[in-house]
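J.: Residue-level listing of the chains:
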Amino acid sequence: MAASDGEPQAATKEAEKPKIEPLRLPTPEEIRGQDIWNNCAVRSVVSGIMGGGLGLFMGLFLGALDNPLMQEEMTAKQQFIYTAKQMGRRSFSSAKTFAVMGLIFSAAECVVEKARAKHDTTNTVVAGCVTGGAISAKGGPKAACAGCAGFAAFSVLIEKFLDRHD
Amino acid sequence: MAAKNGSTTIEKEQIFGMAEQEMEYRVDLFNRLTKICFDKCIDKRYKESELNMGENSCIDRCVSKYWQVTNLIGQLLGSNRPPM
Numbered sequence: 001m002a003a004s005d006g007e008p009q010a011a012t013k014e015a016e017k018p019k020i021e022p023l024r025l026p027t028p029e030e031i032r033g034q035d036i037w038n039n040c041a042v043r044s045v046v047s048g049i050m051g052g053g054l055g056l057f058m059g060l061f062l063g064a065l066d067n068p069l070m071q072e073e074m075t076a077k078q079q080f081i082y083t084a085k086q087m088g089r090r091s092f093s094s095a096k097t098f099a100v101m102g103l104i105f106s107a108a109e110c111v112v113e114k115a116r117a118k119h120d121t122t123n124t125v126v127a128g129c130v131t132g133g134a135i136s137a138k139g140g141p142k143a144a145c146a147g148c149a150g151f152a153a154f155s156v157l158i159e160k161f162l163d164r165h166d
Numbered sequence: 001m002a003a004k005n006g007s008t009t010i011e012k013e014q015i016f017g018m019a020e021q022e023m024e025y026r027v028d029l030f031n032r033l034t035k036i037c038f039d040k041c042i043d044k045r046y047k048e049s050e051l052n053m054g055e056n057s058c059i060d061r062c063v064s065k066y067w068q069v070t071n072l073i074g075q076l077l078g079s080n081r082p083p084m
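So the sequences go chain by chain: A and B. Start counting the first sequence at 1; every next residue gets the next number (the UniProt record's numbering). Start counting the second sequence at 1; every next residue gets the next number (the UniProt record's numbering).
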């Protein structure tokens with residue numbers, strides 16, 4: 001009696017367990033999408049555009065904060081137009097800088113990661129060094145080294161912050 | 001006629017047996033390949049669910065090398081039947 005009672009109970013418990021879902025392999029569209037995203041050129045261009053957008057907003061913001069011109073000669077409207085032009089100029093130059101930064105950083109990181117076939121912080125360090133060095137290359141070798149080290153440290157900090165945040 | 005039918009049935013069975021063996025061999029090859037490349041290329045700490053680029057290129061290289069090694073060893077085993 002005890003044995004025959006035990007068996008139906010075990011059967012219902014088996015039926016209550018969640019069904020195992022079948023294996024879902026990626027579709028060709030998904031693979032193609034991943035391939036497009038893994039392309040270094042596409043990635044760096046997208047990063048450059050995003051950097052440009054970020055630079056635009058930052059430039060607008062900083063340009064608005066920049067000079068509270070209190071020149072008595074201009075009327076309020078002229079002052080407004082002047083400030084607006086200043087903001088626009090500042091934001092455009094800032095957008096260019098950030099776009100170039102994003103492009104170089106993303107391209108360098110992509111190339112290094114593909115070559116090493118590893119996902120590490122070393123990729124970020126090398127990419128940051130290349131970007132910092134390229135941006136401060138005009139100031140001579142010493143400035144390039146300082147820019148390299150500074151930007152590499154900054155990129156590593158940002159990466160660690162983003163990882164912890166996720 | 002009866003003898004011919006008998007031999008073709010045996011042949012069919014043989015072919016079926018070989019196909020089954022080949023299928024088992026292929027499945028085993030796939031499982032081993034997946035296990036080896038997964039252990040080699042993918043970090044044990046899973047930070048995200050998508051494969052990142054380094055892992056992708058590592059897997060490409062791993063599969064390519066494994067396949068070349070399999071073919072090479074298969075050729076070597078096939079050509080020199082008596083042991084060296």
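I should point out that these hints are in silico values taken from the structure, not numbers from a laboratory. Hints are not guaranteed to be accurate.
[Stated by the list, open to error] Using 16 Å as the maximum straight-line C-alpha spacing, the simulated EDC-like pairs for lysine to aspartate or glutamate come out as follows:
id : chain 1 : residue 1 : chain 2 : residue 2
1  : B       : Lys47     : A       : Glu30
2  : B       : Lys44     : B       : Glu55
3  : B       : Lys35     : B       : Asp60
4  : B       : Lys47     : A       : Glu159
5  : A       : Lys160    : B       : Glu48
[Said to hold, decoys possible] Quick look at which bits of chain A chain B covers, simulated, 3 or more residues with Cβ under 8 Å:
id : region
6  : 107 to 114
7  : 117 to 129
C-beta: ideal position from N, C-alpha, C; glycine also.
J.: Are the hints correct? Go through all of them and say.
T.: So, going through the hints one by one against the coordinates:
| no. | hint | verdict |
| --- | --- | --- |
| 1 | Lys47/B / Glu30/A | 21 Å, violated |
| 2 | Lys44/B / Glu55/B | 12 Å, holds |
| 3 | Lys35/B / Asp60/B | 14 Å, holds |
| 4 | Lys47/B / Glu159/A | 13 Å, holds |
| 5 | Lys160/A / Glu48/B | 14 Å, holds |
| 6 | 107 to 114 | holds (count 3) |
| 7 | 117 to 129 | holds (count 5) |
This entry does not satisfy hint 1, going by the numbered hints stated previously; all others are met.
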